[in-house]
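If you're matching them up, the sequences are chains U and Z in order.
All residue numbers for the first sequence refer to the numbering used here, where the first residue is 1 and numbers rise by one.
All residue numbers for the second sequence refer to the numbering used here, where the first residue is 98 and numbers rise by one.
I should point out that these hints are in silico values taken from the structure, not numbers from a laboratory.
One or more hints might be untrue.
[Claimed, not checked] In silico EDC-like pairs for lysine to aspartate or glutamate, Cα to Cα no more than 16 Å straight-line:
#: 1; chain 1: U; residue 1: Lys18; chain 2: U; residue 2: Asp64
#: 2; chain 1: Z; residue 1: Lys227; chain 2: U; residue 2: Asp71
#: 3; chain 1: Z; residue 1: Lys227; chain 2: U; residue 2: Asp64
#: 4; chain 1: U; residue 1: Lys18; chain 2: U; residue 2: Glu31
#: 5; chain 1: U; residue 1: Lys93; chain 2: U; residue 2: Asp64
#: 6; chain 1: Z; residue 1: Lys227; chain 2: U; residue 2: Asp38
#: 7; chain 1: Z; residue 1: Lys227; chain 2: Z; residue 2: Glu303
#: 8; chain 1: Z; residue 1: Lys227; chain 2: Z; residue 2: Glu278
#: 9; chain 1: U; residue 1: Lys18; chain 2: U; residue 2: Asp38
#: 10; chain 1: Z; residue 1: Lys227; chain 2: Z; residue 2: Glu309
#: 11; chain 1: Z; residue 1: Lys227; chain 2: Z; residue 2: Glu277
#: 12; chain 1: Z; residue 1: Lys227; chain 2: U; residue 2: Asp67
Since the model is a prediction, treat every value here as computed from it, not as a measurement.
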Amino acid sequence: MTVDQHHLGPSRTEIDAKLRRILVDALGLDEDRVAGFDNDTGLFGHLPELDSMAVAGLLTEMEDQLDIIIDDEDVDGEMLETYGGLLAFAEAKAASA
Amino acid sequence: MTPFELIDWPCPATTGERHDELALVFDRGRAQRVLVLPAWFDEANKLRRQTVEVMRRLDLSDVDSVLPDLPGNNESAAPLAEQTLESWREAARAAAEHFRATHVLTIRAGVLLTPDGIPGWRYAPTSGAKVLRSLLRARTIASREAGPAERTEDLQARARREGIELAGWRIGAEMFRELEEAEPATQLIDIEQASVGGSGLWLRAEPDEDPEQADALAAMIAIQLGGA
Chain U
1 MTVDQHHLGP
11 SRTEIDAKLR
21 RILVDALGLD
31 EDRVAGFDND
41 TGLFGHLPEL
51 DSMAVAGLLT
61 EMEDQLDIII
71 DDEDVDGEML
81 ETYGGLLAFA
91 EAKAASA
Chain Z
98 MTPFELIDWP
108 CPATTGERHD
118 ELALVFDRGR
128 AQRVLVLPAW
138 FDEANKLRRQ
148 TVEVMRRLDL
158 SDVDSVLPDL
168 PGNNESAAPL
178 AEQTLESWRE
188 AARAAAEHFR
198 ATHVLTIRAG
208 VLLTPDGIPG
218 WRYAPTSGAK
228 VLRSLLRART
238 IASREAGPAE
248 RTEDLQARAR
258 REGIELAGWR
268 IGAEMFRELE
278 EAEPATQLID
288 IEQASVGGSG
298 LWLRAEPDED
308 PEQADALAAM
318 IAIQLGGA
């Protein structure tokens, strides 16, 4: 029996790679710098590039590229504070999408 | 290289009269003339320089181009809050006619104003709903930081009744309601970001430019015009 890859959810590494790509694009940050982000790397409040309009663009791009819907109540300090928080959120959303 | 000029053009007003708006034009009376309908709101700022960079390259390829100010934007004397999707569509139609455009290039939400009967391209088109979604989200995130927090549904309900200010842009109630339903025109040729290379400059937190992307975008248009 062949597995229909199309209907499997995106893998964790795939989401991680997409999320880093979105951060590079949205924040105009250096690829090497974003590649060095770990779970504790600070985002909102730590990166001057990330003002409210930039966060809005970032979330809208995440919706498009990860095929998820992000609700008002999803957006909180914890989700945006660190790279690990944002990644965990994206994974949870993609899994339930 | 032709230096661009800033010239007045007669634009229909919401009151039924006409008033002058500004347009940035590369005009040497050549056969191919592209009307550029730019990105909107915060994306307009981020993409303005890049848009003109594309026009410079079209000029070098012997193509005229014109970038009209829509009423309520840039140096316009018309109030933004009084504009509607229809008033902007009317402005786009009038600009196409006034400048005798042979083609149109829409950028992002500019596609929502595509005049009928003119061939052309739509670069990275987006829907009205998506435009509003980003702007509303920026506002709810900012208000959550500064307090008191606002809910998207409440903002939408109020905006439909009385209009709303989002990221500094005053959007009237009618415009807001129209944008919730507005879908990109489909008769134009798609230019996807993937074919331009790199990432879309509207995603960046600050205005920027990318010469290679401008080269690619202008080349696609010039080649297709040359073969037409």
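Hints, verified against the model:
1. Lys18(U) / Asp64(U): holds, 11 Å
2. Lys227(Z) / Asp71(U): Holds, because 14 Å separates the two Cα atoms, which is no more than 16 Å.
3. Lys227(Z) / Asp64(U): Holds - the C-alpha atoms of Asp64(U) and Lys227(Z) are around 10 Å apart, at most 16 Å.
4. Lys18(U) / Glu31(U): holds, 12 Å
5. Lys93(U) / Asp64(U): The given pair, whose Cα atoms are some 13 Å apart, holds under the 16 Å limit.
6. Lys227(Z) / Asp38(U): violated, 31 Å
7. Lys227(Z) / Glu303(Z): violated, 20 Å
8. Lys227(Z) / Glu278(Z): holds, 10 Å
9. Lys18(U) / Asp38(U): holds, 15 Å
10. Lys227(Z) / Glu309(Z): Not OK: Lys227(Z) and Glu309(Z) at ~27 Å, beyond 16 Å, violated.
11. Lys227(Z) / Glu277(Z): holds, 8 Å
12. Lys227(Z) / Asp67(U): holds, 14 Å
The earlier numbered hints that this structure contradicts are 6, 7 and 10.
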